[in-house]
Every structure is written in structure tokens, then in C-alpha cells.
Amino acid sequence: MTHPSLLTEDLTIRFGGHVAVDAVSCAFNPGELTVIVGPNGAGKTTFFNMISGQLMPSAGRVMKDGIDMTRFPASKRARHGIGRAFQLTNLFPQLSVLENIRLAVQAQAGEGARFFRPVGRFTELTARAERYLEATKLQAVAHQPASALPHGDQRKLEVALLMAMEPDIYMFDEPTAGMSLDHAPDVLDLIAEIKHDKSKTVLLVEHKMDVVRALADRIIVLHNGRLVADGAPDEVMSSQIVRDVYLGTAPATEDASA
Amino acid sequence: MKGTLTVKTASLAIWAVLLFAPFLFQDVRSMEVAARIAVFIALVASYDLLIGYTGIVSFAHTMFFGFGAYGAAISLKHIGAGWGALGLGALAGVAVSLVIAVLIGLLSLRVKAIFFAMITLAAASVVLVLAQQLSGLTGGEDGITYKTPAIFKTAAKLMVDEDGKVVRLMGVKLNGKLAAYYFVFVTAALMFWMMLRITGSPLGTVLKAIRENEARAEGIGYKVVAYRTAVFCIAAVTASLAGSVYAVWLKYTGPDTALSFTIMIDILLMVVIGGMGTMWGAVIGATALVMAQYYLRDLMEAASTAVASVPVLPDLLAPERWLLWLGIIFILLVYFFPSGIAGTIINKGDAK
Chain R
1 MTHPSLLTED
11 LTIRFGGHVA
21 VDAVSCAFNP
31 GELTVIVGPN
41 GAGKTTFFNM
51 ISGQLMPSAG
61 RVMKDGIDMT
71 RFPASKRARH
81 GIGRAFQLTN
91 LFPQLSVLEN
101 IRLAVQAQAG
111 EGARFFRPVG
121 RFTELTARAE
131 RYLEATKLQA
141 VAHQPASALP
151 HGDQRKLEVA
161 LLMAMEPDIY
171 MFDEPTAGMS
181 LDHAPDVLDL
191 IAEIKHDKSK
201 TVLLVEHKMD
211 VVRALADRII
221 VLHNGRLVAD
231 GAPDEVMSSQ
241 IVRDVYLGTA
251 PATEDASA
Chain U
1 MKGTLTVKTA
11 SLAIWAVLLF
21 APFLFQDVRS
31 MEVAARIAVF
41 IALVASYDLL
51 IGYTGIVSFA
61 HTMFFGFGAY
71 GAAISLKHIG
81 AGWGALGLGA
91 LAGVAVSLVI
101 AVLIGLLSLR
111 VKAIFFAMIT
121 LAAASVVLVL
131 AQQLSGLTGG
141 EDGITYKTPA
151 IFKTAAKLMV
161 DEDGKVVRLM
171 GVKLNGKLAA
181 YYFVFVTAAL
191 MFWMMLRITG
201 SPLGTVLKAI
211 RENEARAEGI
221 GYKVVAYRTA
231 VFCIAAVTAS
241 LAGSVYAVWL
251 KYTGPDTALS
261 FTIMIDILLM
271 VVIGGMGTMW
281 GAVIGATALV
291 MAQYYLRDLM
301 EAASTAVASV
311 PVLPDLLAPE
321 RWLLWLGIIF
331 ILLVYFFPSG
341 IAGTIINKGD
351 AK
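The listed protein sequences correspond, in order, to chains R and U.
If you're matching positions, the first sequence starts at 1 in UniProt numbering and goes up one per residue.
If you're matching positions, the second sequence starts at 1 in UniProt numbering and goes up one per residue.
Hint data in this document are derived by calculation from the structure and do not stem from the laboratory.
Certain hints may be false.
Claimed, not checked - Dumping the calculated DMTMM-like pairs for lysine to aspartate or glutamate here, alpha-carbon to alpha-carbon at most 20 Å:
| # | chain 1 | residue 1 | chain 2 | residue 2 |
| --- | --- | --- | --- | --- |
| 1 | U | K223 | R | D186 |
| 2 | U | K157 | U | E301 |
| 3 | U | K223 | R | E166 |
| 4 | R | K76 | U | E214 |
| 5 | R | K195 | R | E32 |
| 6 | U | K223 | R | E111 |
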């Protein structure tokens, strides 16, 4: 086995008396796509927030490639290669699609503090931004403000921002939430492509069972903030505990939980 | 892009008028107006970088303006009327501004916008009171008068003919007043150009990103506090330099010309009238407000005399009511140009 690229050790967060994530220890490996499932309120997004730095844990550690990131602010984690896309679209609404992507490219290239040369003359940055524009099929709307895009395109832009960060760890939080059926495959293809790069680690929160089956190398299950199952997809999906905590909440069909 | 083009053309036209102002309007008052407009364009542009581009609300912009003005003034008064003294004074102003900006920035840019605004307000009040009280250094309420480098003396001759008289070009004496005006014009234009460059650079995009979505900017790897502190320092240094330049032009620095909250309100009005986050709006806003402050009274005087035979109207239009009319004009402007003159024209024009 390769060394895990990302490691959480007893990661815990309390909001007042409520323990939202409770001592989750988990290792994530390069070349592996881990889907995190669990009913609403299980702590999946909170778990993500502690890894990418939006929330500081009450206890426990986050390690990436042997470096303790627990006290790093989000920007520093991003610069260390932890990239995150958000469940609720989280863009720069008044800036154009291209500018949105270029911001992420620019952050990755460490050119954000350049204050004199016009943006347009950083052709290398623009070229890189255009690659992600193409990859997410957003060329046609490149110069529109992000706020003017339909929901599906905003979701794609969200993914484009993450890709443009060129991280080692890709964290997707329900990337296809609210997307129409003809848009979702674009995003899923992109994730599948990232998965092919064996140096990348992918974490994915997803409800749709068909997506989980198509992409997952491994599934972990969170329930009431605890890690209750971890293993290969078939094994986890058929285990009794998962039926109890997760599928049990949607008795009609498996897919209804989406 | 039509709206942007209109705004740029209008702003460049204003700059062109400022460039030829001494030749177009050959009287002392017009020169005062032109120089004030130029200085305020630089000052407002640097403030727009804060409030319009980054979303930082500060009430300490006149404080930095004052540091520059008093730095130059004190140095010119005590060291002598040379370029060295002026440079030293301006540098001292910049240094003090930088230190205070870094301190305020690091200590308080992490807090919510409203608290930050309050902290800047408190700092600015303290500095204003200090300037009024430390009369030994600042001249107190009376301020300081001083001499500026010899070339700026009204009697200075830039070019002389065979008889030793100052040469006239298109009827304008090539004297020290003209030199002083072009010193103001060139430095203000340079500062404005610098602000434009910043807004168009990668840094400018990051600032807009922070304004738009601070958390995501942090999330893709930008250290927001560092960027905000940096832009606060850039704005402070620019304001300070503008203050030094204005001190040279006025040959007088006092609380009213360099530190009072009236100036802060003027800056805010100019940014709002011009259009926040447009940079070119600074040119339009500064011109509009300074012109109104200088000429609205004259205009009303004329209007009042013209309608002298009509009842009530002359009273309403009496020049001493100019502030009332300025207020009405401002309300109308905000109503018809909700994003400022430049901002609204850009939005409407570019939408087509």
C-alpha cells in the first residue's frame, strides 16, 4: 500500500453540547476515490469543513503528507494542495466565469500579489484558465458574470475552480446536487478523469446511489458524527449496519434518499 | 462595452481640461478648483480601492491625507523650503501612515466591517484632536504656513525674455504658480494611473474576489487578512502622498485643509457620486463635487438675481442656501444613478 496522503486522527467538533463529528479517524490514499455517505445531519459537510479549514476542530488532527494542518487557515491548506468544492454554490458572483477560474489558477501559481502588470498580459495564467473552461464546457459563457449562469453551469464552474487549484486532494461536496440529468454526466466524467490520475486523492460526498456505484473505490459511512462503516463499495452497501443507519432512513427505495 | 467607453472618454476629457486648465481659465480661483480636483481624484481613487474594490469601509482616509500634509508642512517650516525638506516630510508622512495602517490593519481587519469602521473613526478622531492640541508642532487650530521650494514661488520665473521679464505663453505667465500647478497635476495623474494599474492587475482581481466572497477567496488559497492589510497600506500611502502634494500647493496646512471630517465626508460623497468600484468614477465624482462646492453659490446668486421680481423664489435660491440645494442634487443623483454616475452608465451601457 502507498502512504495515505490525507489522515484524520480522532477528528472531533462540538457545537455547544452537540458533538457534530465524533472522533473520526480515517486515512485516504492517492489514487483512491472515497465516497462519504450518511443521512442528512450525519456530519459529512462538517467533516469536510474541518479538513479544508472552514472549521477548526475541537479535538483531533488533520495531517496531509505528514504535515499537521490542524491549525492552518483554509488559505494555507489550499496552498498545501487541499482543494474543496462546495455543496452550495460559492463563487465570485460579479466576476466573469473566466475571471473566477483565473483567480484559482493565479492562487495556485502564487501570482496574486502582482500589482502592476495588467491581468491580460499574464498569458500563461489565462491559457491555463481556458483549459479548465474547456474541460468544463463553459467556453460559451466565459465572459458572463457568474451570477448570470443557470444553476447547472454554476455547479460546473464550482468544479472548474477546484480543478484550477490543481490540488492533491480533491473534495467534492455533492457536485451534482440540483443538476439536470443532461448536465450531471459532464461533472461525473470530470471526476472520473481525476480519479485516473493515480497521484490524486478524491473525497466525494454523494447521495445518488448510481453515482456512488459508478465512481466509488471505497465508501465510508458517517452516522451521528461517527464513522460506522468503511470498506469496499459492495461490502459496505450490503452490510447490516448501513441498512440500519442509512438506507433505513429511506425505506421505499435505495434511490429515494437522493 | 459602450458604457465603459463613455465613462473613460468623459474621464479622459476631464483630465485633458485639467491638463490645459491654466491656459483655458486664466484666473486664480479656477486654478484653485483645478488643483483641488486633481488632488481629490488621487485621494478618491485610493479610497475607491478600499471601499469599492475590496469592500473595506474606513473613516481614516483623511487621517493619512493629514499625515502627508503635516509631514510636508512641518518639514518645510522647520528644515527649510527645499526639495530635500519636502521629500523628507513626504517620506515621514508615508512612514507614519504605513506604520499606523499596518497596526490598524493587522489588529482589526479580522473583525467585522462595522467594527473596523469604528476603529478607523476612533483613530482619525484621536489624530485630529492631537493635531489641534499639539500647537507647538502643528500650529494647533491655526495650522502652519510655510514656504515651498523656490520654483513654486509666484514670483519665480520659469523663462525670461531679453528684458528679464517672465515669458508669457498664450497670455499665461510662465511663473512659479504654473510650475506648482503642474507639479500637482503630474503627481495626481501618476497616482491615479497607479491605482488604475492596480485594479487591472492580478492583485486587483484578488481584491474584487475578497469583496465578492471572502470565504471562497480564502478557500482557493488567498490569505485574506494579508491582502486586506496590503491594500489598506497602499491606500494609506497614496492618501499621504496626496496630502503632501496638496500641502505644497496650498502653502498652508491646518486641521480644516488636511484632517477635518468634512474632508472625509467629501471623499465619501465623491466616491458615491462617481460610482464605487469603477476607479474612473473618482474623476467624475471629484470633479462634480468640487465644482458644486465652488460654483453652486455663484450660480444661485445669478439665478436669485434673475428671478428677483418673482416672490419666494429669490429667497429659495439665495446663495446662502447652497448646501440645501447641494443636498437636493445629491439625493437626485443617488436616485437616478444608484451605482454612481460612472457605475450606472457602465451598467446600463454594457448591458445593451
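Here is how each hint holds up against the structure:
1. U:K223 - R:D186: Given pair K223 of chain U, D186 of chain R is violated - Cα atoms ~32 Å apart, limit 20 Å.
2. U:K157 - U:E301: Distance of about 37 Å is beyond 20 Å: violated.
3. U:K223 - R:E166: holds (18 Å)
4. R:K76 - U:E214: holds (15 Å)
5. R:K195 - R:E32: holds (7 Å)
6. U:K223 - R:E111: Distance ~13 Å between K223 of chain U and E111 of chain R Cα, so the pair holds.
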